[in-house]
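Listed here are the chains, written in short residue letters.
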Amino acid sequence: MRLVNSVLVVGLLLCGPAQAASRKEPLPSPPGASACSGCHGAGRSIPQLPGKIPVEIATALQDFKTGKRPATVMDRIAKGFSDDEIAAIAAWYGRQRP
Amino acid sequence: METDDPNRRRFLESALAGAAMSAFPLPALAQARGHGHVVVIGGGFGGASCARTLKRLEPRLAVTLVESNRIFTSCPFSNAVIAGLRDIADQHFGYRAVAKQGVALHWGTASAVDRQNHRVVLSDGSTLRYDRLVLAPGVDIRWDGLPGYSEEAALRMPHAWKAGEQTLLLRRQLAAMDDGGLVAIAAPANPYRCPPGPYERASLIAYYLKTHKPRSKLIVLDAKDAFSKQRLFEEAWKVLYPDLIEWVPLSQGGQVISVDPATMTLVTDFASHQVAVANVIPPQRAGAIASLAGVADRSGWCPIDPTTFESTLQKDIHVIGDAAIAGAMPKSAFAANAQAKVCAAAIVEMLAGRQPDDPRLINTCYSLVAPDYGISIAGVYHAAGGQLTDVTGAGGISPLDAPRSFREQEARYAEGWFKTITTEAFG
Numbered sequence: 001m002r003l004v005n006s007v008l009v010v011g012l013l014l015c016g017p018a019q020a021a022s023r024k025e026p027l028p029s030p031p032g033a034s035a036c037s038g039c040h041g042a043g044r045s046i047p048q049l050p051g052k053i054p055v056e057i058a059t060a061l062q063d064f065k066t067g068k069r070p071a072t073v074m075d076r077i078a079k080g081f082s083d084d085e086i087a088a089i090a091a092w093y094g095r096q097r098p
Numbered sequence: 099m100e101t102d103d104p105n106r107r108r109f110l111e112s113a114l115a116g117a118a119m120s121a122f123p124l125p126a127l128a129q130a131r132g133h134g135h136v137v138v139i140g141g142g143f144g145g146a147s148c149a150r151t152l153k154r155l156e157p158r159l160a161v162t163l164v165e166s167n168r169i170f171t172s173c174p175f176s177n178a179v180i181a182g183l184r185d186i187a188d189q190h191f192g193y194r195a196v197a198k199q200g201v202a203l204h205w206g207t208a209s210a211v212d213r214q215n216h217r218v219v220l221s222d223g224s225t226l227r228y229d230r231l232v233l234a235p236g237v238d239i240r241w242d243g244l245p246g247y248s249e250e251a252a253l254r255m256p257h258a259w260k261a262g263e264q265t266l267l268l269r270r271q272l273a274a275m276d277d278g279g280l281v282a283i284a285a286p287a288n289p290y291r292c293p294p295g296p297y298e299r300a301s302l303i304a305y306y307l308k309t310h311k312p313r314s315k316l317i318v319l320d321a322k323d324a325f326s327k328q329r330l331f332e333e334a335w336k337v338l339y340p341d342l343i344e345w346v347p348l349s350q351g352g353q354v355i356s357v358d359p360a361t362m363t364l365v366t367d368f369a370s371h372q373v374a375v376a377n378v379i380p381p382q383r384a385g386a387i388a389s390l391a392g393v394a395d396r397s398g399w400c401p402i403d404p405t406t407f408e409s410t411l412q413k414d415i416h417v418i419g420d421a422a423i424a425g426a427m428p429k430s431a432f433a434a435n436a437q438a439k440v441c442a443a444a445i446v447e448m449l450a451g452r453q454p455d456d457p458r459l460i461n462t463c464y465s466l467v468a469p470d471y472g473i474s475i476a477g478v479y480h481a482a483g484g485q486l487t488d489v490t491g492a493g494g495i496s497p498l499d500a501p502r503s504f505r506e507q508e509a510r511y512a513e514g515w516f517k518t519i520t521t522e523a524f525g
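The listed protein sequences correspond, in order, to chains Y and B. The working numbering numbers the first residue of the first sequence as 1 and each following residue consecutively. The working numbering numbers the first residue of the second sequence as 99 and each following residue consecutively.
Looking at chain Y on its own, in the form it has when it is part of the complex:
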């Protein structure tokens, strides 16, 4: 699983802007990712995202989106993201240190 995720992450890195490979600073987060930490952070009732396995995040978002997994608010939010956007957000959070 870890290997698959690494491949996915590397794939995303390579798809980035041309200058991305040469820069030293961390890559900017993909669209939408920075908003997640408005809820997913210090609070104990809401799970943290950094360091989670990307496939877990992506599966959860997909299941929230389709209604397969019940939610209070994440169903409404997940519907605002395409499959590619979900994959990018999941991969990025997987690379963040908890």
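Read the hints as simulated data drawn from the structure, not as lab findings. Treat the hints with care, since some could be wrong.
Derived DEER-like restraints, expressed as beta-carbon distance ranges [what the hints assert, rightly or not]:
#1 N215/B with D83/Y: 26 to 34 Å
#2 N215/B with P50/Y: 18 to 26 Å
#3 D83/Y with E250/B: 56 to 64 Å
#4 I53/Y with D456/B: 48 to 56 Å
#5 P70/Y with A195/B: 20 to 28 Å
#6 P50/Y with E332/B: 51 to 59 Å
#7 S221/B with E56/Y: 46 to 54 Å
#8 E56/Y with N215/B: 21 to 29 Å
Cut-off 20 Å, straight-line C-alpha distance, at most; resulting in silico cross-link-like pairs (EDC-like, lysine to aspartate or glutamate) [said to hold, decoys possible]:
#9 K153/B with D488/B
#10 K260/B with D222/B
#11 K308/B with E332/B
#12 K79/Y with D185/B
#13 K79/Y with D456/B
Glycine is no exception: its CB is placed at the ideal position from the N, C-alpha and C atoms.
Dock chain B against chain Y, hints included.
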């Protein structure tokens, strides 16, 4: 709130200013290397989050935060303070973590922006040079917006729309009121800070009245015919506070057109309401520095580019949070924090000569109808047609007719959100 020795304070201010000034690299040179100096005005959810995010994304960047209060008092959850459910101390946040992150703090008020020379003029006469300026001034009350209302009137009829002494004043008035008294909330027309705020406040005041003064009544006099999460609030009011809350919409003469604090009277087109406690939420505009900087339009709010939050009226000045015209995004702490992070990332990209990506933003707003009864509204936004626009098919309010366990869970998530958002902004 800040009544420490003025001499010491002045000394600290100038010392900090001096330290900040001398630490700056030359902006033109710095910019070429991807450094630079960003000044952020206003240390609320938007400004504090933006300053911290800038340092996190680009530690070499010099970031100065200009703020007049050493302690921030949070508006979110302040309605629970008014209802006696929460201590005001739980609303207080300092800037230690912001400073520790390497943000230079400048205690004071910005009095002008010299756009030509990229300088902010501060109330103590000093200036700060910026490569990019972020304004996060929140809202100012339009004291000319409601006949009879004034700063003096607010001591009798608190707005409590900026948390702090006003919050405590309204709480004291409710606590001192006799059982059987009439409480009024005057709600403003759009746009204003925190669209569901007046109705959360009505709910939690009703909770207080039901618990402590059950013969009392609450009337909401509204300058609108519809409001945020309306069906959810109304559904809950019917169950929790039947016959306690009366909402009078605009079309039924709800708009308060003048107030008389001496007689505690609120005047609408059709009636005069003499009340025991009056919470007057007046019209608002972007904080004063927005118009001084030339970024507010005739509406009093600030048009922005939806990708970078740069003002569409002035170059190199960004506006985030309640002061901005953010299209479909409401004026909420969550939105301010989300915008702050997108704006910070865009500034880092722009200073490095790169083009920022089109962003995707989220808003989630919880309201408490009772301590264990939470409801929410959410939205996902993207840049379209020069505006922040709802992503079709996403967002919306909590389901109607949900079981009570759902409402309890959202009340817990509301607490969790508050803990997270205040930690993001203030550490």
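A quick look at each hint next to the structure:
no.	hint	result
1	N215/B with D83/Y: 26 to 34 Å	violated (49 Å)
2	N215/B with P50/Y: 18 to 26 Å	violated (41 Å)
3	D83/Y with E250/B: 56 to 64 Å	holds (58 Å)
4	I53/Y with D456/B: 48 to 56 Å	violated (28 Å)
5	P70/Y with A195/B: 20 to 28 Å	violated (36 Å)
6	P50/Y with E332/B: 51 to 59 Å	violated (39 Å)
7	S221/B with E56/Y: 46 to 54 Å	holds (51 Å)
8	E56/Y with N215/B: 21 to 29 Å	violated (51 Å)
9	K153/B with D488/B	violated (30 Å)
10	K260/B with D222/B	violated (24 Å)
11	K308/B with E332/B	holds (17 Å)
12	K79/Y with D185/B	violated (37 Å)
13	K79/Y with D456/B	holds (18 Å)
Checked against the numbered hints above, the structure violates hints 1, 2, 4, 5, 6, 8, 9, 10, 12; every other hint is satisfied.
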